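Student: First residue of the sequence shown: 1, per full-length UniProt numbering; consecutive thereafter.
No lab work stands behind these hints, which were simulated from the structure alone. A portion of the hints provided could be inaccurate.
In silico DSSO-like pairs for lysine-lysine, Cα to Cα no more than 27 Å straight-line [stated by the list, open to error]:
1) Lys249 to Lys184
2) Lys184 to Lys210
3) Lys56 to Lys298
4) Lys211 to Lys223
5) Lys211 to Lys298
6) Lys210 to Lys249
7) Lys210 to Lys223
8) Lys46 to Lys56
9) Lys210 to Lys298
10) Lys55 to Lys298
11) Lys194 to Lys205
12) Lys55 to Lys90
No experiment lies behind these values; they were computed from the predicted model shown.
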Amino acid sequence: MSVILVTGSYDHEIRFWEAWSGICSRTIARSGESGQVNRLAISPDKRLLAAAIHKKVYIYEITSASSTPLTCLDAHTNNVTSVSFHSEGKWLVTGSEDGTIRIWDLRSTQVHRTYDNGAPVNDVCVHPNQGELISCDQAGCIKQWDLSENLCSHELTPAGDVPIRSVSLASDGSCLVAGNNKGKCYVWKINEEKSDLPRYQAVTKFSAHKKYLTRVLLSPDVKYLATCSADTTVKIWSISQNYEFRQEKVLQGHQRWVWDCAFSADSAYLVTASSDHTARLWEMASGETVRQYNGHHKAAVCCALHDGAG
Numbered sequence: 001m002s003v004i005l006v007t008g009s010y011d012h013e014i015r016f017w018e019a020w021s022g023i024c025s026r027t028i029a030r031s032g033e034s035g036q037v038n039r040l041a042i043s044p045d046k047r048l049l050a051a052a053i054h055k056k057v058y059i060y061e062i063t064s065a066s067s068t069p070l071t072c073l074d075a076h077t078n079n080v081t082s083v084s085f086h087s088e089g090k091w092l093v094t095g096s097e098d099g100t101i102r103i104w105d106l107r108s109t110q111v112h113r114t115y116d117n118g119a120p121v122n123d124v125c126v127h128p129n130q131g132e133l134i135s136c137d138q139a140g141c142i143k144q145w146d147l148s149e150n151l152c153s154h155e156l157t158p159a160g161d162v163p164i165r166s167v168s169l170a171s172d173g174s175c176l177v178a179g180n181n182k183g184k185c186y187v188w189k190i191n192e193e194k195s196d197l198p199r200y201q202a203v204t205k206f207s208a209h210k211k212y213l214t215r216v217l218l219s220p221d222v223k224y225l226a227t228c229s230a231d232t233t234v235k236i237w238s239i240s241q242n243y244e245f246r247q248e249k250v251l252q253g254h255q256r257w258v259w260d261c262a263f264s265a266d267s268a269y270l271v272t273a274s275s276d277h278t279a280r281l282w283e284m285a286s287g288e289t290v291r292q293y294n295g296h297h298k299a300a301v302c303c304a305l306h307d308g309a310g
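Can you build the whole structure from these sequences, using the hints too?
Tutor: Structure representation (structure tokens):
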């Protein structure tokens, strides 16, 4: 399993795909169970899959053929909208519409810490330094949570109370991108805590889509930004060294909303999931679809890809 590609859908199924052949190699059917699959995350060692399904998070073993989860994390009281592993894979971070962010200890499956965000959480990402979380919410706030101090240390509100849908941090910790419900993107340069400059220095903002924006994602090499939208497209933006964002390509082919995306480790490919029931693999250089993954019978709303070193 050198390349792990997974999609989740409103049909309640989770599917594993052979990236190059397009064949579905495994389906976690969850027969008789309700709850749509909201988000997926693969552990750094490629051993575990975390699936946010309605209010719960199920942990599956990737190499197993069983559809039974190893464990179920059950403490949120509303939709879990975000799930991500901490670098060692011992901790899981979740955000929910219940207004909380929770850190779970996967060894004991207990909640290690709960942050009260005060508004429904739409997305959370772990800073590359592994010491901070960045969240965004329905009230239009972006917050930095310090894991050592157990508090919110910074707050940004770039567009008043317009909900912030998605946040992405550069893999080198150099910048933060956020996208809101009106299709606008906001970019901050992240300065060292020790410097005299503000921690988050606003550098630019631009209108990425005319319709609802669902996901922003910086490529691992921090040369590109992908934005997914209700307008059925994914746009690829090149990033200059002084943070100028220029539209490079429009990935066209999906018939309905594009909900999620994931880059390959070398930033050469992008996977997308759409309401048209399909997922697609795009080649960044050409902007063309090189594979389509067919099998879900309702909207495919989340995807995860791990093709780096396990």
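Student: Indicate, hint by hint, whether the structure satisfies it.
Tutor: Hints, verified against the model:
no.	hint	result
1	Lys249 to Lys184	holds, 17 Å
2	Lys184 to Lys210	holds, 8 Å
3	Lys56 to Lys298	holds, 20 Å
4	Lys211 to Lys223	holds, 24 Å
5	Lys211 to Lys298	holds, 22 Å
6	Lys210 to Lys249	holds, 16 Å
7	Lys210 to Lys223	holds, 23 Å
8	Lys46 to Lys56	holds, 21 Å
9	Lys210 to Lys298	holds, 25 Å
10	Lys55 to Lys298	holds, 20 Å
11	Lys194 to Lys205	holds, 26 Å
12	Lys55 to Lys90	holds, 21 Å
Hint compliance for this structure: every hint is met.
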